[in-house]
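Visitor: Chains A and B supply the protein sequences, listed in that same order. Per numbering that gives the first Met the number 0, residue 0 is the first one in the first sequence, and the count goes up by one each step. Per numbering that gives the first Met the number 0, residue 0 is the first one in the second sequence, and the count goes up by one each step.
Be aware that one or more of the hints could be misleading.
[What the hints assert, rightly or not] Listed next, the stretches of chain A that the computed footprint assigns to chain B, with coverage defined by at least 3 CB atoms under 8 Å from CB atoms of chain B:
| id | region |
| --- | --- |
| 1 | 123-134 |
| 2 | 142-155 |
| 3 | 174-186 |
Calculated from the structure, these hints are not laboratory results. Backbone N, C-alpha and C define an ideal beta-carbon position, used for all residues, glycine too.
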Amino acid sequence: MAHIDENPLGPHLPLDPLPGHSSLGRLERVLRRGEFAVTTELNPPDSANPEDVYERAAVFDGWVDGINAVDASGANCHMSSVGICALLTRMGYAPIMQIACRDKNRIAIQGDVLGGAAMGVCNIMCLTGDGVQAGDQPGAKPVFDLDCMSLLETVRIMRDNSKFLSGRKLTTPPKVFLGAAINPFAPPYDFRPYRLAKKIEAGAQFVQSQYCFDVPMFREYMKKVRDLGLNEKCYILVGVGPMASAKTAKWIRSNVPGIHIPDSVIARLEGAQDQKKEGKQLCIDIINEVKEIEGVSGIHVMAYRQEEYVAEIVHDSGVLKGRQPWKREPNPVDQLVAERIERTRQGVEQNQQQMAETAAHHPH
Amino acid sequence: MADAVQKPGNAAPAKKAATGAFTPAGVSPSRRARHKYTVRLWAVRHSRFFEWFYHRFAQGFLLLHPVWKLLGYQRVERPITFVERHVKGFLFDCRMCGQCALSSTGMSCPMNCPKQLRNGPCGGVRANGNCEVEPDMPCVWVQAWKGSQNMAKGDAIMNVQKPVNQSLRETSSWLRVTAEAAAAREAAAAGKDA
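Okay, chain A solo, but in the shape it has when bound:
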């Protein structure tokens, strides 16, 4: 039987646009169908070897609906998100391209949005980004020309109005599904739901949350979100992940900004025989709790340096309910590339004079 997210004429063909969808991607299809979505994060390599990216992406095969290509997370230098997306789309993965405002101004960002969409990126995640102080190059110039909100609005304007921020026209707008980040676990707590409302107003269609370790606190947040009716306007994916040990958890709590880990979690990890196993179990328990909360549309599994556990966590928590996410997403330009390669292989010679002649008579 053909997969539900497959072109009926053959799996090698790109998907047809669906009414009301803003992208051609599968993540949007899964969410709009009301299925529980699973996304994850690819640990970006510190190398120029494409194999590193492919190896790291292969462990997610068939377990996730989208892979976040992080944009220098924590302000540490890694392979760029545009580069990772170029590699992933080439292999048929469905990346979520993250754009952080820390490193690029509005000129570079709008260019990257167009470039990403042209490569076949269907999901773009708009972030402010950590401060440069947090990373390995604290002497860098922090750009922050846009903030996450104005970035969302910029991409939405590009997509819906076919215009740059300046008002200049685009001939083909980027068809992307827009994402943003939320952190319900940082002050000012009572402003956080309104901030989500602002993000939705600016253009967010799905959001991924920061690591959720404090379920009661998240429940409280979701209550307010439901009161404001925000869960109907936007898909909320809860950030979860395994902690390797109580020591790691403590280190993260005091060193990584914006991650709230209650004492009870650390106590539970400390009390366990096998802390790594307990960390994974804790993650599964949290997933089982949050998936029941009304308004939650999926999970975002962040297993930094434990990527091999993602499949296990997704399997053991049973959130996919037997559904198998699609593995290979055909790139719209695949056929063009194949034709080009075929012509090169056949050795069709180019007649430069003739080409110049044609160009002269058909000016753009």
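Given chain A, put chain B in place with the hints provided.
Guide: Chain B in isolation, oriented as in the chain A frame:
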């Protein structure tokens, strides 16, 4: 690379480092002129008063529109900018972005945020309500939220702000607001006559 030796000053990172807490490198994108935030925090606590005062002040400035026009907006730009920089610099640690958003941010200047966020707090705010980047500074947006609660039109914090127009830096936002209000008033009057 940043100096390995932490210098006291600005956010006193050395003291912070001694307690074992997370200390960012001793660099901040927004160097501060002062070491304390007393006046800035006082202004946020009295945001209701400043809102009222600014409303009156803007009306007064608009009444003076014929004067500015007579002298020429170009010519008064420099002295007014000088006054604005120092008055707002003292009260709000103003950074002269030239497009003041204080009325929509609870009288807490968003340009003091190391990420210059104009639409709300980032996800890195510490549990004690301080900044992720400068651990000793109260988060500009936690303050903004507090300030906006006191204000009559505090709901303006919900508006999505446009990106900063960098070409307006170091210009007077008082004069710009006045000129725009006067132009709008004249356009309305012209519409009525027609």
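Visitor: Now look at each hint and say whether the structure bears it out.
Guide: Do the hints match the structure? See the list:
no.: 1; hint: 123-134; in the structure: holds (count 7)
no.: 2; hint: 142-155; in the structure: holds (count 9)
no.: 3; hint: 174-186; in the structure: holds (count 5)
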